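Visitor: Chains A and B are the protein sequences, given in the same order.
The first sequence begins at 621 in my numbering and counts up by one.
The second sequence begins at 621 in my numbering and counts up by one.
Careful: at least some of the hints might be erroneous.
Because identical chains cannot be distinguished in the list, a pair is counted as satisfied if it fits within a single copy or across any two copies.
[As the list claims (entries may be wrong)] Derived SDA-like pairs: lysine to any residue, alpha-carbon spacing no greater than 25 Å straight-line:
1. Lys626 - Gly695
2. Lys656 - Arg624
3. Lys660 - Gly730
4. Lys723 - Asn639
5. Lys729 - Trp669
6. Lys731 - Arg666
7. Lys646 - Asp714
8. Lys685 - Lys721
9. Lys685 - Gly670
10. Lys729 - Tyr665
11. Lys721 - Asn639
12. Lys685 - Leu663
13. Lys704 - Lys725
Note that these hints are calculated values from the structure, not bench results.
Just so we're clear, the structure is a prediction, and the values are computed from it rather than from any experiment.
One-letter residues, chain by chain:
Number of protein chains: 2
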Amino acid sequence: MEIRYKIWLERKREVIAGNGKINLLKTIDELGSIQKAAEKMGLSYRHAWGMIQKMERRAGFKIVKTTIGGKEGGGALLTSQGEKLVQGYLTFRDNLDKFIKNKFKQEFKGKFKKLRGVGEGK
Amino acid sequence: MEIRYKIWLERKREVIAGNGKINLLKTIDELGSIQKAAEKMGLSYRHAWGMIQKMERRAGFKIVKTTIGGKEGGGALLTSQGEKLVQGYLTFRDNLDKFIKNKFKQEFKGKFKKLRGVGEGK
Numbered sequence: 621m622e623i624r625y626k627i628w629l630e631r632k633r634e635v636i637a638g639n640g641k642i643n644l645l646k647t648i649d650e651l652g653s654i655q656k657a658a659e660k661m662g663l664s665y666r667h668a669w670g671m672i673q674k675m676e677r678r679a680g681f682k683i684v685k686t687t688i689g690g691k692e693g694g695g696a697l698l699t700s701q702g703e704k705l706v707q708g709y710l711t712f713r714d715n716l717d718k719f720i721k722n723k724f725k726q727e728f729k730g731k732f733k734k735l736r737g738v739g740e741g742k
Numbered sequence: 621m622e623i624r625y626k627i628w629l630e631r632k633r634e635v636i637a638g639n640g641k642i643n644l645l646k647t648i649d650e651l652g653s654i655q656k657a658a659e660k661m662g663l664s665y666r667h668a669w670g671m672i673q674k675m676e677r678r679a680g681f682k683i684v685k686t687t688i689g690g691k692e693g694g695g696a697l698l699t700s701q702g703e704k705l706v707q708g709y710l711t712f713r714d715n716l717d718k719f720i721k722n723k724f725k726q727e728f729k730g731k732f733k734k735l736r737g738v739g740e741g742k
């Protein structure tokens, strides 16, 4: 038996981001470009841009800032709050994953047949 | 901003139970009857019975045992493994909830506007 979980951030009952959007932001930060991040993740630029705008509207603050060259050609960076959001989410998720693995063993180990461990949900 | 989460149990990539099914099992245990538990939860007996059978098939062990009187009229109890499953899940969930509330404050508090806390996902 395995425990699965899913986490996401909300504000005013609207989803801001879960794993997928946080990964997009992290990739933008690594590659310095929305275009390159979108390509790497198999998204169209338009779709990635739409995701960012929706996240920012729902979060209530700017997450990505584009640099000179325009939205298509220029570079992109995370804002200070965007970086805190991504880092906070990833640190939170790592800690949660460790906690869940340990607690699951404590509560379930040896009590049922075929206990196999823990994995993150889809 | 709030963090939301959802947990569920799986075996062999099939969902055994999340909050809804665990609550059904807990209610059966409290009321000693599938019929009464189903009524309380606004489910048909047939639907509740189907949920139990699916859970047992996927978990690989009996979770509910019915007592004399037949499936419709008789009482119902959780098996020993069924009790461990429900108690383990609930204890796990309570600990997780506390952990998430604390960690979320640590990682996010004061970093963004309108931080409101933590809530369990739908």
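Visitor: Indicate, hint by hint, whether the structure satisfies it.
Guide: Going down the list of hints, with the structure as the test:
1. In this assembly of identical chains, the alpha carbons of Lys626 and Gly695 never lie at most 25 Å apart, being 31 Å within a copy and 36 Å across copies at closest.
2. In this homomeric assembly, Lys656 and Arg624 never come within 25 Å of each other (Cα to Cα): the closest approach is 31 Å inside a single copy and 30 Å across copies.
3. In the homo-oligomer, the alpha carbons of Lys660 and Gly730 never lie at most 25 Å apart, since the shortest distance is 42 Å inside one protomer and 33 Å across protomers.
4. For a Cα distance limit of 25 Å, the shortest separation of Lys723 from Asn639 qualifies both inside one copy, at 22 Å, and across copies, at 17 Å.
5. For the identical chains of this complex, Lys729 and Trp669 are neighbours neither inside a copy (44 Å) nor across copies (28 Å), given an alpha-carbon limit of 25 Å.
6. For the identical chains of this complex, Lys731 and Arg666 are neighbours neither inside a copy (50 Å) nor across copies (29 Å), given an alpha-carbon limit of 25 Å.
7. For a Cα distance limit of 25 Å, the shortest separation of Lys646 from Asp714 inside one copy, 15 Å, qualifies, whereas the shortest one across copies, 31 Å, does not.
8. Taking identical chains as interchangeable, the C-alpha atoms of Lys685 and Lys721 are never at most 25 Å apart, the minima being 37 Å within one chain and 30 Å between chains.
9. In this assembly of identical chains, the alpha carbons of Lys685 and Gly670 lie at most 25 Å apart only when taken from the same copy (14 Å versus 52 Å across copies).
10. When the C-alpha separation of Lys729 and Tyr665 is checked against a cutoff of 25 Å, the pair qualifies neither within a copy, at 46 Å, nor between copies, at 32 Å.
11. Both within a single protomer and between protomers do Lys721 and Asn639 lie at most 25 Å apart by alpha-carbon distance, with minima of 19 Å and 19 Å respectively.
12. When the C-alpha separation of Lys685 and Leu663 is checked against a cutoff of 25 Å, the pair qualifies only within one copy, where the shortest distance is 19 Å, while the shortest distance between copies is 50 Å.
13. In this assembly of identical chains, Lys704 and Lys725 lie within 25 Å of each other by CA distance solely across copies; the values are 13 Å between and 31 Å within a copy.
Of the numbered hints stated above, those contradicted by the structure are hints 1, 2, 3, 5, 6, 8 and 10, listed in ascending order.
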